[in-house]
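*Asks:* Protein chains in written order, with the working numbering: chain A, 1 to 283; chain B, 1 to 104; chain C, 1 to 204.
To be clear, the hints were calculated from the coordinates, so they are not data collected in a lab. Do not take every clue at face value.
[As the list claims (entries may be wrong)] Result set (PhoX-like, lysine-lysine): computed pairs, CA atoms no more than 20 Å apart in a straight line:
#1 C:K96 <-> C:K114
#2 A:K178 <-> A:K166
#3 C:K83 <-> C:K161
#4 A:K142 <-> B:K32
#5 B:K32 <-> C:K114
#6 B:K75 <-> B:K47
Being a predicted model, the structure only gives us computed values, none of them experimental.
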Amino acid sequence: MKPSSRKTGRRAQKLLRAGAAVAAALAVAGAGAGQPTAAETQAEIERYRAMLAEDNPAELYAARGEELWNTPRGPKQAALAGCDLGLGPGVVAGAYAQTPRWFADAGRVMDIEARLAWCMETLQGFSAADIAARPFGSEDHKSDMEALVAYVVTASRGYPIAPSQKLPQERAAYALGKSLFALRAGPYDFSCQTCHSQDGKRIRLQELPNLTRREDVRRAYTGWPAYRVSQGEFRTMQWRINDCFRQQRFPQPKYLSETVNALITYLAVEATGATYNGPAMKR
Amino acid sequence: MADPMKIRARLAGDVADLRVLMAHPMETGQRKDARSGQPIPPHFIQKFSIALNGTHVLEAQTGMAVSRNPVFGFKLAGIKAGDKFTITWTDNHGETRSDETVVA
Amino acid sequence: MSIRISVAICALLLGLPCAPALADDAALRTALEAARRDFEARGPAGLDRLDLDAVQTVCNRWANNPPSELQSLLQAEQLAAVKYPEGGNYLGDWKKGEALAQSGRGLTWSDGAKVATGGNCYNCHELASTELAYGTLGPSLARYGQRRGRSPDLLRYTWAKIYNAKASSLCSNMPRFGHSGALGEAQIRHIMAYLFDPQSPVNR
């Protein structure tokens with residue numbers, strides 16, 4: 001979609017900065033003499049990616065999230081050390097890579113964000129309404145949830161995506177996600193598939209992953225959640241699905257709803273086996 | 001209070017590759033609030049400095065043309081393990097933040 | 001229109017294999033039930049947007065490839081509902097058409113009621129050679145008028161395509177801009193001029 005004009009100035013600045021970063025990287029890459037071999041080129045591209053990854057502002061959110069995780073908060077003044085993300089209370093490393101999954105205590109298939117909300121409710125005493133009131137942050141209203149998600153997903157870097165499909169509820173969530181992915185509705189008759197079921201297409205200049213192909217799902221899913229440079233914010237999968245529905249001209253999906261969790265389940269299962277290397281930096 | 005910076009110092013020989021990620025809105029003052037239509041006041045880092053073991057070694061002036069949550073990178077020679085870098089920024093609201101890292 | 005009615009349409013058409021469809025009907029029904037539970041109205045985007053019409057129901061139900069009899073039936077119905085402009089006056093102001101072609105705004109929940117709905121053309125189509133930021137979901141429309149002329153038949157066909165793409169291709173990805181009310185007659189005339197006017201950058 002076309003950016004609104006109020007953001008154009010800021011976006012131009014960001015592009016300038018990004019351009020400077022690329023120029024610097026190219027200068028580094030061009031330092032060697034002679035024609036580089038394919039392997040050398042690949043190594044330099046990897047190095048450039050590593051540089052970008054190191055400088056990802058998602059780290060700022062992850063650091064804040066880690067502090068939030070460890071700080072006693074809420075009406076019950078509890079930290080999240082007792083929160084079970086699926087691998088046992090307090091275990092953060094690798095937990096995100098195995099979501100969404102069925103959580104027997106909640107009786108629901110939950111993505112990582114729904115699970116964090118569950119812990120905030122049950123352990124810390126926050127109300128569901130408060131958590132859902134303004135989950136997607138802005139500069140003047142930082143979201144604690146985004147920071148917590150940044151912390152938790154960062155701790156799954158290098159882990160294989162492995163959401164469970166053992167239980168019938170988990171398979172039902174996948175099937176529902178798949179159906180919802182194809183559901184056409186609204187004034188423009190759009191579904192997720194309208195934009196994401198062909199190879200090599202784009203809207204304006206934005207390339208569109210073909211999410212009916214495993215390779216594309218893997219590439220897309222292992223980069224999210226992500227820091228969005230154009231928004232200057234860290235964004236979660238709940239946000240990603242929410243904003244797709246906005247662009248589809250649908251009504252708004254409720255935060256942490258079964259519909260959103262099912263779509264995340266569908267994508268996660270399709271990405272199974274890929275190594276999580278997010279959070280990435282997106283335009 | 002502002003969030004802490006992320007600072008990395010990596011040593012290759014006696015040259016340290018220092019990278020600093022700062023958490024800051026970096027408002028230009030040229031944007032308008034979507035709801036009220038009022039200009040959003042400028043809020044950006046005006047200067048920052050780097051001290052090596054307490055000695056001032058670098059001072060930078062920055063402006064509103066720098067992105068939100070900016071990253072800065074430097075190469076400094078003559079560094080050894082155990083050296084301590086202190087980075088301090090000050091913004092146009094007079095707010096300031098200092099963080100440090102010890103070269104490993 | 002409900003799924004039940006679409007199944008009734010299917011049953012009305014002789015010789016169609018309606019029985020194997022039931023499993024898919026269940027999946028579609030489950031998805032719609034979840035959506036009705038999980039979505040909420042916001043701004044101009046009300047829950048009525050989840051009420052499927054016959055075209056949406058049939059395209060959903062047959063994964064965008066419905067039996068040809070059903071396709072013909074519904075396409076004819078959509079074509080019959082196309083409203084052509086007063087007095088055969090197809091062409092408006094190409095400059096206004098260009099602004100509409102550039103705009104992808106409107107109808108999202110974050111758009112206020114005052115936001116003018118754009119034509120979204122460049123999101124999916126190549127048009128003027130000077131605009132490089134074009135999408136590729138739809139076919140290129142570069143030099144549209146120059147290549148095809150402006151015969152009455154072509155004007156009528158193109159009008160119908162913009163007004164209701166489903167009248168010629170039932171499960172097309174393209175929205176039904178006139179049929180859905182997203183664009184009014186004047187706006188479609190401007191977009192038509194953008195495609196056909198010899199002075200328009202599309203044809204230069």
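*Asks:* Do the alpha carbons of K142 (chain A) and K32 (chain B) lie within 20 Å of each other, as the hint requires?
*Replies:* Satisfied, since the Cα-Cα distance of roughly 19 Å is no more than 20 Å.
*Asks:* Is the hinted pair K178 (chain A) and K166 (chain A) satisfied, with a Cα-Cα distance of at most 20 Å?
*Replies:* The hint holds at about 17 Å.
*Asks:* Would you check the hint for K83 (chain C) and K161 (chain C), treating anything up to 20 Å between C-alpha atoms as holding?
*Replies:* The given pair, whose Cα atoms are some 12 Å apart, holds under the 20 Å limit.
*Asks:* Are K96 (chain C) and K114 (chain C) close enough, with their CA atoms no more than 20 Å apart?
*Replies:* Holds. K96 (chain C) to K114 (chain C) sits at ~18 Å (cutoff 20 Å).
*Asks:* Run the distance test for K32 (chain B) versus K114 (chain C): straight-line Cα separation, threshold 20 Å.
*Replies:* Given that 20 Å is the threshold and the Cα spacing comes to 18 Å, the pair holds.
*Asks:* Within a Cα-Cα threshold of 20 Å, do K75 (chain B) and K47 (chain B) meet the stated pairing?
*Replies:* Holds, at about 19 Å.
Every hint from the earlier list agrees with this structure, and none is contradicted.
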